[in-house]
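Model the full structure from these sequences, guided by the hints.
Residue-level listing of the chains:
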Amino acid sequence: ETGVTQTPRHLVMGMTNKKSLKCEQHLGHNAMYWYKQSAKKPLELMFVYSLEERVENNSVPSRFSPECPNSSHLFLHLHTLQPEDSALYLCASSQDRGRMISRRNEKLFFGSGTQLSVL
Amino acid sequence: ILNVEQSPQSLHVQEGDSTNFTCSFPSSNFYALHWYRWETAKSPEALFVMTLNGDEKKKGRISATLNTKEGYSYLYIKGSQPEDSATYLCAFRTGNQFYFGTGTSLTVIP
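Protein chains in written order, with our numbering: chain A, 1 to 119; chain B, 1 to 110.
None of these hints come from the bench; they were simulated from the model. Heads up, the beta-carbon is just placed ideally off N, CA and C, and yes, glycines get one too. Among the hints, a few may not be true.
Listing some non-contacts, in silico: residues in chain B with all C-beta distances to chain A over 12 Å [to be verified]:
(1) VAL4
(2) GLU45
(3) LYS58
(4) ILE62
(5) GLN81
(6) ARG93
Quick list of in silico lysine-lysine cross-link-like pairs, DSS-like style, CA-CA up to 25 Å [said to hold, decoys possible]:
(7) B:LYS57 / A:LYS40
(8) A:LYS19 / B:LYS42
(9) A:LYS22 / B:LYS78
(10) A:LYS107 / B:LYS42
(11) B:LYS58 / B:LYS78
(12) B:LYS57 / B:LYS42
If you want a taste of the chain A side facing chain B, the calculated C-beta under 8 Å gives, among others [stated by the list, open to error]:
(13) THR2
(14) SER59
(15) VAL60
(16) ARG63
(17) ARG104
(18) LYS107
(19) LEU108
(20) GLY111
Right, dumping it as structure tokens:
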């Protein structure tokens, strides 16, 4: 148990559906991340929220919309996805210092991921 | 986008064998190098965070070394056990950005 919980574990959706992924951390961290893991590819950073402010976007398509209502919760809203968006979506958290670089030995704490299939 | 490479991509070893994998990363703008262990259907968990050239870390039978000047890190597992079967990810950190490799998938055969 890493202290980061993601729901649902599995999600199948059609291209016209709207769904949301949820992430919750119980570690008192102030930064949260969405990563995408496609087959045979490295983890790709999608979004970072630090102190509830979006810091990085990394040119993710607008059909992915993040929301961070407080430092413990992170959502990823999905709509009109494409089959190529099928992947494992991982949430992570860390202790951060906002736009300043955090301590070198800070590590990421991950959830178990949501396996998304878009039909 | 920075290139972080891990080799081999996958590895099968017999129980009791020792093994090692490599992570290659850029030698400039280094901030930290992370190793994560990722078991199937679970969360990736941090094994080591290394920050200084020449760092060596050890946790039980697993150890890691770091060479920031030439841009590589080795992960060693001594006397592999079936429970060591997992994907081992490395991540190169520059500033507040983490760049991950594709991982080495280790299977330990009883």
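Now for the hints, and whether the structure bears them out:
no.	hint	verdict
1	VAL4	7 Å, violated
2	GLU45	6 Å, violated
3	LYS58	16 Å, holds
4	ILE62	16 Å, holds
5	GLN81	22 Å, holds
6	ARG93	8 Å, violated
7	B:LYS57 / A:LYS40	28 Å, violated
8	A:LYS19 / B:LYS42	23 Å, holds
9	A:LYS22 / B:LYS78	38 Å, violated
10	A:LYS107 / B:LYS42	17 Å, holds
11	B:LYS58 / B:LYS78	11 Å, holds
12	B:LYS57 / B:LYS42	24 Å, holds
13	THR2	5 Å, holds
14	SER59	11 Å, violated
15	VAL60	14 Å, violated
16	ARG63	21 Å, violated
17	ARG104	4 Å, holds
18	LYS107	4 Å, holds
19	LEU108	7 Å, holds
20	GLY111	6 Å, holds
When the structure is compared with the earlier hints, violations turn up for hints 1, 2, 6, 7, 9, 14, 15, 16 and for no others.
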